[in-house]
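Once you've looked at the hints, dock chain H against the given chain Z.
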Amino acid sequence: MMRFSKFLKVEAEIIVARHALVMDETKSKAEPVIFLHPEFARKSGVKEGDVVEVEASGRVVKLRAKISERAPENGGLIPNGIYASYLTNFDSFKRFRASIEVSEGEPTGVEELLGKIKN
Amino acid sequence: MICPGCSCLCDDVHIKEGKVFNACRRGEGIFSKYKENRAVARVDGREVDADTAIEKAVEILKDSKNPAIYGLDTTVVEAQKLAIDVAEKLNGYIDDNSSFCLGELVEAVLKGEVPTATLDDVRDNAYVLVYWGTNPYHSLSRHMSKYTYYPRGKKRPRGYDEDRFLVVVDVRKSETAVLAKKNAKFIRVDDDAELVDSFIKVIDGRAAKYAKEAGMVINEMKKADFNVIFGGLGLKYGLKDLNKFKEMVKKLNEVAKVYFIPAGFHGNMRGFNETLFERVGYVNRYSFRDGRSDEEFSFTELLKNEKIDTALIIGTDPVYSLPFEVSSKLGKIKTIVVDPRMSFTARIADVVIPSAVSGLEAGGTMVRSDGIRVKLEPLEEREVNDVYILSRIKEGL
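Here the protein sequences come in this chain order: Z and H. When we follow our numbering, the leftmost residue of the first sequence carries the number 1, and every step to the right adds one. When we follow our numbering, the leftmost residue of the second sequence carries the number 1, and every step to the right adds one.
Hints are computed from structural coordinates only; laboratory data are not their basis. Treat the hints loosely; a few may be bogus.
[What the hints assert, rightly or not] The calculated SDA-like cross-link candidates involving lysine to any residue, where the alpha carbons are at most 25 Å apart (straight line), are: (1) Lys111(H) to Val255(H); (2) Lys118(Z) to Asp49(H); (3) Lys29(Z) to Lys332(H); (4) Lys94(Z) to Tyr237(H).
So here's chain Z without its partners, still in its complex pose (with noise of 0.2 Å):
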């Protein structure tokens, strides 16, 4: 069934903060991950699990939605790391305004991003 929510576009507050359960001391990999407070998930029709396109400074990337009380009440966190890095400048490092809706498909993947910057 067609889910209304596919078609809602959201603003969205993103803080980028240090998030010790999806880091990978290895290096080697990085979780596409954007944790979203409920209230403002149900407002948006998001649900846990569900892949969202998080669009900043004309740039998109799809991530996997987490349900979190600890994220800013208007909005999600992304943990510091490449998706959030792909976002995100200087000029709001660390907090930013985004675009969230529901999408289909993968989440976006760490090679894509970096065959942005090998090209």
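Leaving out everything else, chain H in the frame of chain Z:
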């Protein structure tokens, strides 16, 4: 053993029958997985031996017109000194993560602009503990249990139940903020500058947006002769002007004894800041060509403005941590990576030189966030470590 995972440099980690004891989740990962995803020597994507990779690095650096050295916060002081020698020999730039992390606050401490203390003093004496723009639950997982909130100290025998007062300042209710219940205060801010301004105004007896919160914290601080503020990246990026913050700390010291300690960075970032400061009088973003430090010489600005043609990157992963508008420029210049891991940056580098994990496979000195120097006790010695590689590069030049 010393855990090199973060600037706490915990000194009580030990390994018995393959199990890691006393480390936090991150530290456990460092000790138990240090043999995973190891860097492989490469030149232009081709596997080579380490000597060939070092020779190629020397050749690239010799040919470079505008080289920069970057990283160094996870390696030892002895390697940092060699890297500064190499930068001087190249007449190039040198910088570390602190230029976009907490370097400015470390500099304020080194210049004596704010009073500071050691974490051991904090454990024994501190009453009010302010965590401002930092969430040690994730970034410095044992900070509160080993040094600040939970332990019982000489002058604080009743621990956090009665002898500590916790203040958390953040834009969200972080895991650390959740702890702020009894003998505690969580101050949710939208703009950190307004809270800084409120502290200053309350001391002057003027009205302010956060007068109630600032007044309460100041009253608690007045009850003790030792209070401390830990400032993290949220504080740095929440404030446009850190001078106001320094002014606030000075002002607080007119009515109570308040120290400042930067919180939340790589294992030896402060080591780099101190080493460069002793050598040239600046903590980061230094140009040997110009004989001074400046914002325009930070690695991120040099890259963004396409001012360099070669980067020697040691023990850090800018592709992982720097904004895309900056890291994407790495693809346009020659990059040499020295790292124990096949990091994201190593995957796109022209030359990869595999090194040892400082603290586990190489000894040396690191400097804790409060300035205490710590000697590392490695599990094993690996010949090709950062000191060896940088010595070879220095000789080759």
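A quick look at each hint next to the structure:
1. Lys111(H) to Val255(H): holds (22 Å)
2. Lys118(Z) to Asp49(H): holds (24 Å)
3. Lys29(Z) to Lys332(H): Roughly 24 Å between the alpha carbons, so the hint for Lys29(Z) and Lys332(H) holds.
4. Lys94(Z) to Tyr237(H): holds (7 Å)
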